[in-house]
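Undergrad: Here's the letter readout for the chains.
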Amino acid sequence: MSIFEWLLKIDRKYIFLVIGVLVLASFFIPFKMVIKDTVPVKNVYDSIEKMDENSCVLISFDFDPSAEPELLPMSKAIIRQCLRNKVKVVAIALWPQGVGLAENSLTTVAEEIGAKRGKDWVNLGWKVGMFQVVLAIGEDITKTFSKDNAGTPTKNMEIFEKVKNYNDIDLVITLAAGNSPDTWVTFAGTKYKAKIAAGVTAVMAADYYPYLQTKQMIGLVNGLKGAAEYETLVGKPEKAVRGMTPQSAIHIAIILFILLGNIGYFLTKNKK
Amino acid sequence: MKRTGPLVVCFIFAIIMMVQAFVPHPFSEDFLQLSNNHLMVMSTFALAIGISTFVHLHLTKIRKNGEGWYFSIVALVGMVVTATVGIFGKTEAGTLYDKIFFYIQNPMQSAMFSLLAFFMASAAYRAFRARSFEATLLLLAAIIVMLGRVPIGDLMTGGATSKITEFLFSVPNMAAKRAIMLGVSLGVIATSLKIIFGIERSWLGGTD
Chain G
1 MSIFEWLLKI DRKYIFLVIG VLVLASFFIP FKMVIKDTVP VKNVYDSIEK MDENSCVLIS
61 FDFDPSAEPE LLPMSKAIIR QCLRNKVKVV AIALWPQGVG LAENSLTTVA EEIGAKRGKD
121 WVNLGWKVGM FQVVLAIGED ITKTFSKDNA GTPTKNMEIF EKVKNYNDID LVITLAAGNS
181 PDTWVTFAGT KYKAKIAAGV TAVMAADYYP YLQTKQMIGL VNGLKGAAEY ETLVGKPEKA
241 VRGMTPQSAI HIAIILFILL GNIGYFLTKN KK
Chain R
1 MKRTGPLVVC FIFAIIMMVQ AFVPHPFSED FLQLSNNHLM VMSTFALAIG ISTFVHLHLT
61 KIRKNGEGWY FSIVALVGMV VTATVGIFGK TEAGTLYDKI FFYIQNPMQS AMFSLLAFFM
121 ASAAYRAFRA RSFEATLLLL AAIIVMLGRV PIGDLMTGGA TSKITEFLFS VPNMAAKRAI
181 MLGVSLGVIA TSLKIIFGIE RSWLGGTD
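Line by line, the protein sequences are chains G and R.
Numbering (my numbering) for the first sequence: 1 to 272.
Numbering (my numbering) for the second sequence: 1 to 208.
One should not assume that every hint holds.
[Stated by the list, open to error] Once the Cα atoms are required to be at most 30 Å apart in a straight line, the calculated DSS-like pairs of lysine-lysine come out as:
1. G:191 to R:194
2. G:155 to R:177
3. R:90 to G:143
4. R:99 to G:116
5. R:163 to G:32
6. R:99 to G:147
7. G:215 to R:163
8. R:90 to G:164
9. G:147 to R:177
10. R:90 to G:86
11. G:162 to R:90
12. R:90 to G:116
13. R:163 to G:239
14. G:236 to R:163
15. G:195 to R:99
16. G:32 to G:9
[Claimed, not checked] Simulated coverage check for chain G against chain R, where a stretch passes if three residues somewhere in it have a Cβ under 8 Å from a Cβ of chain R:
17. 66-78
18. 135-149
[Unchecked claim] In silico negatives: residues of chain R with every beta carbon more than 12 Å from chain G:
19. 8
20. 42
21. 56
22. 59
23. 65
24. 67
25. 68
26. 73
27. 152
These aren't lab readings, by the way, just hints derived from the structure by calculation.
Cβ coordinates follow ideal geometry from the N, Cα and C atoms, glycine included.
Let's have the full structure, built from the sequences with the hints guiding it.
TA: Listed below in structure tokens is the structure:
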């Protein structure tokens with residue numbers, strides 16, 4: 001087998017090995033990346049920055065641990081910005097596993113900032129149904145979630161003194177690994193005129209650009225790069241920014257493999 | 001009657017809900033809330049069906065000594081333990097339930113998904129060949145987007161790749177997505193009308 005034929009048929013175990021080595025190596029070799037923000041991410045950041053104290057942001061954790069590397073850093077950066085600006089955070093989950101992830105993000109950031117559960121933030125947990133839950137919040141959020149994740153009744157919570165439904169929620173952010181942004185836009189956005197933004201995995205982002213153009217979504221945080229942009233904007237670079245080095249290395253490796261495959265393809269084709 | 005009853009209920013409720021969407025009267029809003037509550041109760045039954053199917057499937061596998069039956073024991077024990085801890089204990093941060101989620105389920109699910117990176121690299125190497133004009137276009141777009149979604153791409157091209165990526169997302173991609181969304185929506189409307197008027201009856205079971 002000639003070298004060109006080999007280029008055409010590189011065994012996948014070598015590809016796996018290169019990817020594995022690059023991921024590991026890039027964690028140990030410090031490489032500072034300049035992360036520039038994009039318009040859809042900046043729009044989400046700016047809309048929270050412009051909010052008055054005691055405004056309210058509803059964050060829906062519509063993902064599970066498979067999307068955690070992309071969406072959890074995003075959630076922490078958004079929650080950090082809200083709590084730092086004294087914007088109240090109400091978290092819910094349309095996916096059952098989202099409850100634990102929300103609890104982790106909220107307690108970590110709240111501890112760091114000194115925000116109080118029930119006053120500055122609350123994790124309402126998961127409720128069965130997708131659009132049914134979104135519609136029910138439009139009527140009364142404390143009736144939809146009568147207790148929070150810690151089992152405390154929501155009716156007399158300080159955070160809900162002035163928050164009843166979408167009329168009192170300044171922004172809804174769905175952090176999604178599935179099609180829940182469609183549900184939020186269709187039911188909360190269209191029916192109740194709620195302002196919607198989304199944070200999604202990189203593979204899903206392309207699906208939501210039509211909503212950006214029509215302004216049915218005010219912004220979009222796109223994958224790990226979007227999370228890194230958000231962390232940079234908030235001024236606390238963490239996991240997403242660190243993840244940019246391995247992601248860069250892997251993307252370059254994939255591009256090189258594609259180029260090698262094509263070189264092999266053209267040279268063997270000409271030979272034939 | 002067995003088939004006519006559900007068809008009549010489906011027709012009546014579909015018409016009522018369609019009208020409800022255009023009537024902002026408090027009575028109409030209350031009706032929406034009521035039907036929504038009923039839907040949430042019904043969704044809970046789906047959960048019950050899911051659990052019973054899960055238990056039945058794994059118990060059958062264990063009973064028949066099927067391939068990997070011991071994994072079924074792990075699955076059942078995992079479900080029973082997690083559910084028991086969640087139902088009888090608390091679920092907030094720092095509790096046993098939270099620890100089970102964070103130290104067992106979370107790493108397992110993340111690890112499974114992370115394998116995708118390896119398979120995607122291998123699949124991209126094999127699939128992206130410039131065999132035709134269209135394939136070349138796809139290949140170029142993929143390379144630009146891959147570079148545009150990492151900071152090193154901007155470093156190499158002076159910021160050009162992220163701008164081209166944003167253009168690809170917001171213009172050609174958006175146009176195609178919108179066309180697909182419109183097509184799908186029209187299809188959903190057509191199918192819904194067929195169900196409402198009893199033309200499409202496969203949801204009742206059977207073939208007619």
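Undergrad: Next step is simple, just say for each hint if it's right about the structure.
TA: Hints, one by one, checked against the model:
Taken as a hint, the residue 191 (chain G) and residue 194 (chain R) pair is honoured in the structure, with Cα atoms around 25 Å apart against an allowance of 30 Å. The hinted pair formed by residue 155 (chain G) and residue 177 (chain R) fails the criterion: a straight-line CA distance of about 42 Å is larger than 30 Å. Simply put, residue 90 (chain R) and residue 143 (chain G) have alpha-carbon atoms about 21 Å apart, close enough for the 30 Å limit, and the pair holds. Straight-line distance between C-alpha atoms of residue 99 (chain R) and residue 116 (chain G) comes to about 22 Å, which keeps the hinted pair within the 30 Å bound.
Of the pairs offered as hints, the one joining residue 163 (chain R) and residue 32 (chain G) holds, with about 21 Å between alpha carbons and a cut-off of 30 Å not exceeded. At roughly 21 Å between alpha-carbon atoms, residue 99 (chain R) and residue 147 (chain G) fall within 30 Å of each other, so this suggested pair holds. The straight-line distance between the Cα atoms of residue 215 (chain G) and residue 163 (chain R) is roughly 20 Å, inside the 30 Å bound, and the hint therefore holds. With a CA separation close to 26 Å, the supplied pair residue 90 (chain R) and residue 164 (chain G) stays within the 30 Å bound.
For the hint pairing residue 147 (chain G) with residue 177 (chain R), the CA-to-CA distance comes to about 39 Å; that exceeds 30 Å, so the pair is violated. Using a Cα cut-off of 30 Å, the hinted pair residue 90 (chain R) and residue 86 (chain G) holds, with the two alpha carbons roughly 28 Å apart. Of the pairs offered as hints, the one joining residue 162 (chain G) and residue 90 (chain R) holds, with about 28 Å between alpha carbons and a cut-off of 30 Å not exceeded. The suggested pairing of residue 90 (chain R) with residue 116 (chain G) holds, with an alpha-carbon distance near 19 Å, which does not exceed 30 Å.
A hinted pair counts as satisfied when its Cα atoms are at most 30 Å apart, and residue 163 (chain R) with residue 239 (chain G) qualifies at roughly 25 Å. For the suggested pair residue 236 (chain G) and residue 163 (chain R), the alpha carbons sit about 25 Å apart, so the restraint of at most 30 Å is met. Our distance criterion of 30 Å between C-alpha atoms is broken by residue 195 (chain G) and residue 99 (chain R), whose separation comes to about 35 Å. A hinted pair counts as satisfied when its Cα atoms are at most 30 Å apart, and residue 32 (chain G) with residue 9 (chain G) does not qualify at roughly 35 Å.
For the stretch 66-78 of chain G, the stated coverage by chain R is satisfied: 4 residues place a CB nearer than 8 Å to a CB of that chain, which reaches the threshold of 3. Coverage of the stretch 135-149 of chain G by chain R holds. Counting CB-CB distances below 8 Å, 4 residues qualify, and the rule asks for three or more. Every Cβ of chain G is farther than 12 Å from the Cβ of residue 8 (chain R); the closest lies at roughly 24 Å, confirming the non-interface assignment. With a cut of 12 Å on Cβ distances, residue 42 (chain R) falls inside the contact zone with chain G, its closest approach being about 9 Å.
The Cβ of residue 56 (chain R) sits about 21 Å from the closest Cβ of chain G, beyond the 12 Å cut-off, so the non-interface label holds. For residue 59 (chain R), the condition that its CB be more than 12 Å from all CB atoms of chain G holds, with the nearest at approximately 23 Å. Every C-beta of chain G lies more than 12 Å from that of residue 65 (chain R), the closest at about 31 Å, which supports listing it as non-interface. The Cβ of residue 67 (chain R) sits about 25 Å from the closest Cβ of chain G, beyond the 12 Å cut-off, so the non-interface label holds.
Look at residue 68 (chain R): its CB is around 22 Å from the nearest CB on chain G, clear of 12 Å, so calling it non-interface holds up. With 12 Å as the threshold on Cβ separation, the claim that residue 73 (chain R) sits away from chain G holds: the shortest Cβ distance comes to roughly 23 Å. Residue 152 (chain R), annotated as away from the interface, has a beta carbon of chain G within 12 Å; the closest lies near 4 Å.
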